[in-house]
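Asks: Chain by chain, the residues run as shown.
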Amino acid sequence: MDKNKRKAYIINTISVVSLYLVFFILIQTKVMNKYFIGIAILTCIMIIMAMSLNIVAGFLGEMALGHAGFMAIGAYSSAYFSIALMDTGIALPNIVVLILAMIVGGIVTGLVGFLIGTPTLRLRGDYLGIVTIGFSEIIRIFFINFAPTGGAAGLKGITKLVTFNNVYWITIVIIILIFTFGRSKQGRAIISIREDEIASEAAGIPTTKYKVLAFTVSSFFAGMGGALYAHYQAFVEPSKFTFMFSIEMFVIVVLGGLGSLTGSIIAAIILTVLPEMLRGFAEYRLLVYSLALVVMMIFRPQGMLGRSEFSLTKFIDSLMLRKDMKNSIGGGEAQ
Amino acid sequence: MTVLSAKNITMQFGGLTAVDQFNLELDSNELVGLIGPNGAGKTTIFNMLTGVYVPTSGDIVLNNESILKKTPHDIVKLGASRTFQNIRLFKDLTALENVKIAYHNFINYNMIQGMFRTKKFWTEEKKAHEECEKLLDIFDMGEYADTLAKNLPYGQQRKLEIARALASEPKVLMLDEPAAGMNPAETVELMETIHFIRNKFDITVLLIEHDMKLVMGICERILVVDYGKTIAEGTPDEILKNPEVIRAYLGN
Numbered sequence: 000m001d002k003n004k005r006k007a008y009i010i011n012t013i014s015v016v017s018l019y020l021v022f023f024i025l026i027q028t029k030v031m032n033k034y035f036i037g038i039a040i041l042t043c044i045m046i047i048m049a050m051s052l053n054i055v056a057g058f059l060g061e062m063a064l065g066h067a068g069f070m071a072i073g074a075y076s077s078a079y080f081s082i083a084l085m086d087t088g089i090a091l092p093n094i095v096v097l098i099l100a101m102i103v104g105g106i107v108t109g110l111v112g113f114l115i116g117t118p119t120l121r122l123r124g125d126y127l128g129i130v131t132i133g134f135s136e137i138i139r140i141f142f143i144n145f146a147p148t149g150g151a152a153g154l155k156g157i158t159k160l161v162t163f164n165n166v167y168w169i170t171i172v173i174i175i176l177i178f179t180f181g182r183s184k185q186g187r188a189i190i191s192i193r194e195d196e197i198a199s200e201a202a203g204i205p206t207t208k209y210k211v212l213a214f215t216v217s218s219f220f221a222g223m224g225g226a227l228y229a230h231y232q233a234f235v236e237p238s239k240f241t242f243m244f245s246i247e248m249f250v251i252v253v254l255g256g257l258g259s260l261t262g263s264i265i266a267a268i269i270l271t272v273l274p275e276m277l278r279g280f281a282e283y284r285l286l287v288y289s290l291a292l293v294v295m296m297i298f299r300p301q302g303m304l305g306r307s308e309f310s311l312t313k314f315i316d317s318l319m320l321r322k323d324m325k326n327s328i329g330g331g332e333a334q
Numbered sequence: 000m001t002v003l004s005a006k007n008i009t010m011q012f013g014g015l016t017a018v019d020q021f022n023l024e025l026d027s028n029e030l031v032g033l034i035g036p037n038g039a040g041k042t043t044i045f046n047m048l049t050g051v052y053v054p055t056s057g058d059i060v061l062n063n064e065s066i067l068k069k070t071p072h073d074i075v076k077l078g079a080s081r082t083f084q085n086i087r088l089f090k091d092l093t094a095l096e097n098v099k100i101a102y103h104n105f106i107n108y109n110m111i112q113g114m115f116r117t118k119k120f121w122t123e124e125k126k127a128h129e130e131c132e133k134l135l136d137i138f139d140m141g142e143y144a145d146t147l148a149k150n151l152p153y154g155q156q157r158k159l160e161i162a163r164a165l166a167s168e169p170k171v172l173m174l175d176e177p178a179a180g181m182n183p184a185e186t187v188e189l190m191e192t193i194h195f196i197r198n199k200f201d202i203t204v205l206l207i208e209h210d211m212k213l214v215m216g217i218c219e220r221i222l223v224v225d226y227g228k229t230i231a232e233g234t235p236d237e238i239l240k241n242p243e244v245i246r247a248y249l250g251n
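Respectively, the protein sequence lines represent chains A and B. Per numbering that gives the first Met the number 0, the first sequence starts with residue 0, numbered consecutively. Per numbering that gives the first Met the number 0, the second sequence starts with residue 0, numbered consecutively.
Simulated from the structure, these hints should not be mistaken for laboratory data. There could be a bad hint or two in this list.
Capping the alpha-carbon separation at 25 Å, the derived lysine-lysine pairs in BS3-like fashion look like this [to be verified]:
| # | chain 1 | residue 1 | chain 2 | residue 2 |
| --- | --- | --- | --- | --- |
| 1 | A | K4 | B | K119 |
| 2 | B | K118 | A | K4 |
| 3 | B | K69 | A | K208 |
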């Protein structure tokens, strides 16, 4: 680890902790009421969803329009598990139950992602998009008709385990894991497929294997996001996980920049908070939201950050540099 | 010792026979040229040797192992790598990352170790970083390590593609028209590079080329194909005098 990396680690850790402290104080002093806390939690969940989708859409460069389906599987399987666990009467701390439920949700969803990905990833681009829409609809309709999880009425009786405190740190951990995944040799291999599949194969990368891996890892984290959602709402119903919800997540990823994880984070925050903030405009709300998307896509089609990542260290450096430059220019003029 | 051999390989696309009963034997540390007029089937032969196409009939043996049923990435692992006629780099990645991707199979850590950045991750990544930098330095491209591939000058892009092909430590390197689009000065530099890597890495080089100066200048042995058939084989001097070759290139 060189000096710059250590510096980056320290700066990021400080900013993550201080952001948490800001929220903590806001919540303690009741500046943030329950409604705002709810938005903050949903934002965290959407960050996880968008980042996990970015593994397939951004790193692998494939169109995946069925992310809501994976979220549904994660939500249902984890909720089913936690209800069963609570029924056994074993007294575990909430956070342990939540993490176990998330792991179960993640693994089940990852498995489904693996099973769906293996045959479908032979397709590319819009064809894959259509197939993923199909699968996510199948999943939704399955849950509407599946009696053990409540059918169309939804699954009730889930204990609410998610609080802002735990979801914040869980989100941070998942953000870090997806980041490190993208920068490992596996992540590099997946990115090389996006860049040029034929060249990637010729460079010795087993492309089929890595496509399926990207799909599996993406659905694993989507399942974790779904688990958080289930244990925040304490209720899951199939009608939440529609095609439109998949599109919403895809929009976040495109808007943030395909392949940019920090872009996904920023876009998830904006696109979750913005509609809520616009509630004052009542009927114009969706109009403003859609207009913002259109304007964005016209003037910045590559998304907010394109493929680059936002780096706090570089940001601070550039602020400092600007100050230095101003000083030196100012000095020059004085002479 | 024969490193790569093709025995009577034939490739048919529907009714068209692109390559007909083609034979090839490459010994270790040889520099062989494959030439022929446009549409003679050179690239098809290349694609069969690298596993992109499966020959309709015949057999290809690399290091005593048949590669007919192997995928292109398996063939890379077995020791044959290639470059492309129209450069295929990972354009939005840096030069160093391009090489690192081809070094993939020598980096040993699994996904979990990578995600949690265990000690193994750091040592393996450091090793990969150093090895790939070394490779770029051999090509005098050290200064471009952090430049995006798409921003490199054309000649450097060609060199980077060769460097990437070498990162998988091949025994046979196949270059598909490496001098395409190069000016004479760049071609001369490329000739030197090819000669240099052949000796430095002790590998066999198979070259498809249009540029006669390049082929005649560096190849020890040349195969001429036309209409999917070998029409001549020999040293550059023999090829130049061969009436069949003259007919294929200039007509009767």
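Asks: Would you check the hint for B:K69 and A:K208, treating anything up to 25 Å between C-alpha atoms as holding?
Replies: holds (15 Å)
Asks: For a C-alpha distance cap of 25 Å, please report whether B:K118 and A:K4 respect it.
Replies: The hint holds at about 15 Å.
Asks: Taking 25 Å as the top limit, are the C-alpha atoms of A:K4 and B:K119 close enough?
Replies: Given that 25 Å is the threshold and the Cα spacing comes to 18 Å, the pair holds.
In terms of the numbered hints stated before, the structure departs from none.
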